[in-house]
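Asks: Given the coordinates of chain L, assemble chain H onto it according to the supplied hints.
Protein chains in written order, with my numbering: chain L, 19 to 105; chain H, 1071 to 1535.
Think of the hints as simulated: they come from the structure by calculation, not from any bench. Certain hints may be false.
To be verified - Covered by chain H, per the in silico footprint, the following chain L stretches (three or more residues, Cβ under 8 angstroms):
{"hint": "1", "segment": "40–48"}
{"hint": "2", "segment": "72–81"}
{"hint": "3", "segment": "87–101"}
Note that CB positions come from ideal geometry on N, CA and C, so glycine has one too.
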Amino acid sequence: MGTETREVIELFIDGRSVRVAPGASVAAAVLNAGKACRASVGGERRAAVCGMGICFECRVEIDGVLHERSCMIEASEGMRVRTVDAG
Amino acid sequence: MRAERVGIAVVGGGPAGIAAAVAARACGAPVVLLDDNPDVGGQIWRRVQGGPAGVWRERVKQSGAEIRSGVTVFDAERTGGCVRLRCDSAAGPSVVDAERVVLATGARELFLPFPGWTLPGVFGVGGLQALAKNGLDVRGKRIVVGGTGPLLLAVAAFLNEREAKVELIAEQAERSGLLGFAGAVLGQPGKLWQGAKLRASIIDVEYRFGAWITEARGEDRVRQVVMNDGRVIDVDAVACGFGLVGNTQLAQVVGAGIGHEKRDSEVATQRDRAGAGTGHLALGTGEGRTGAQMVQTADLKTGPWQGRVVVDDLMRTSVGGVLCAGEPLGIGGVETSLVEGTMAGYSAAGREELARGLIPRRRRERAFAAAMERAFALREEVLRLARPETIVCRCEDVAMARIASCDHWRGAKLLTRCGMGPCQGRVCGAAVEAMMGWAVRDVRPPVFPVSMNALSATGGAMEGA
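Isolated chain L (complex conformation) (with noise of 0.2 angstroms):
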């Protein structure tokens, strides 16, 4: 995989900088960063509650692919994440 010889992965959340430790899901470093991951239809801000894929709300913009479950994909370097916080 590459990234398991790393000691942090570096990857940018609505354009800023954040580490996490190798293996770290794209959800946890949202939520690290302080962030929520989706609107809802409502407009209401929402973040992960499941952790294991199943409910969506911790749906993010990854790489330019929208509506990608931050729970279910490992954190990587260089990945651009888009959340409901992007502002």
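Replies: For chain H alone, coordinates are given in the frame of chain L:
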């Protein structure tokens, strides 16, 4: 696109799936294990290295089973002498035609709506644990753990270990209700010891019976919780868990018979009235893939229900070549899943006598699980926490009042879009089932959202077209 024929396909890499793959391989059968997580172990053994988790993970990796991680099975269909599994993964869609399939699809948490439960920072209890295992930093975070069941203790202990500040563990069950459970536990010293060890490790955390969260408050994220006695606690996160629900979606789309078991709040009452007895399975009939999707009128408004896959003593469902083990048969925990997975593996490999040998063990495990379910039965107050304006369907933002104005699940879906979002009712369906007593059983493929490409490439786009 990848298309192939295999002997035995196991869907799900938790304890049941692992055990099934190991047992089938021990009989010399070819096995492909499909799992949607990055590594086998399921939810319960996520990132757990030592103990049984390590042993079983090693066993399955050495078994010769072909393990495919990161693969989502979104449809299953009995066709042309095999069971066709339609899959998707980062590497693209694929079709697996298996002579026999073992569905070991595990469980998810039951989430019950309460005011404020949609605020960021309100997690499932297993959800928070999973996130923390995957890098979420909980150090110094003030957390209230609430709901019901032994998972509360396990997760509180875990959070404590990770240096979170667990403010309170609120167990909705009354202490008196758990006394009977203690009796059941005593029959199983191993489990008693486990429980005691857990209690000891979080001895400095307040653990209250008959306590539950009635509301979460905050603007941008959760800041406070209100308890049923009016107490207000400042928090950074909330972990709530109201029990588990088996994942029966794939079993349903393949047409396997689903039975009802009344949730034990009701069963317990009935038993108390009857003053007794063992066995409370009230099995219904299965609905085929092309059969009427609507449940019979008799099933409506009589719950609460929990649908579970019906199997015989050899773990065979009502559909030929489709077996099932573990949580989809009713929440049973790790030990039950391991026994049933092993039985399913033997059975799928044609070694029925080996499977039969485990029937008594399975019975013991199931009896324990049933006692557990009774002890932690959900109380009415907890099922009635949602206010008219409380969002129940988080995908479509459908409030309680709109759902309550409907007569059944299908009506609610059509009128309010409840359960029509990406989670496909996995969250609100189980909640509505518990709160309203409706039978929620109209799953259709794909059971997970997939791209049109995956649908068309696997020939799975025809359904309902």
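Asks: Indicate, hint by hint, whether the structure satisfies it.
Replies: Results of checking the hints against the structure:
1. 40–48: holds (count 6)
2. 72–81: holds (count 5)
3. 87–101: Coverage by chain H holds here, the residue count being 4 at a Cβ distance below 8 angstroms.
Hint check: no violations occur; every hint is consistent with the structure.
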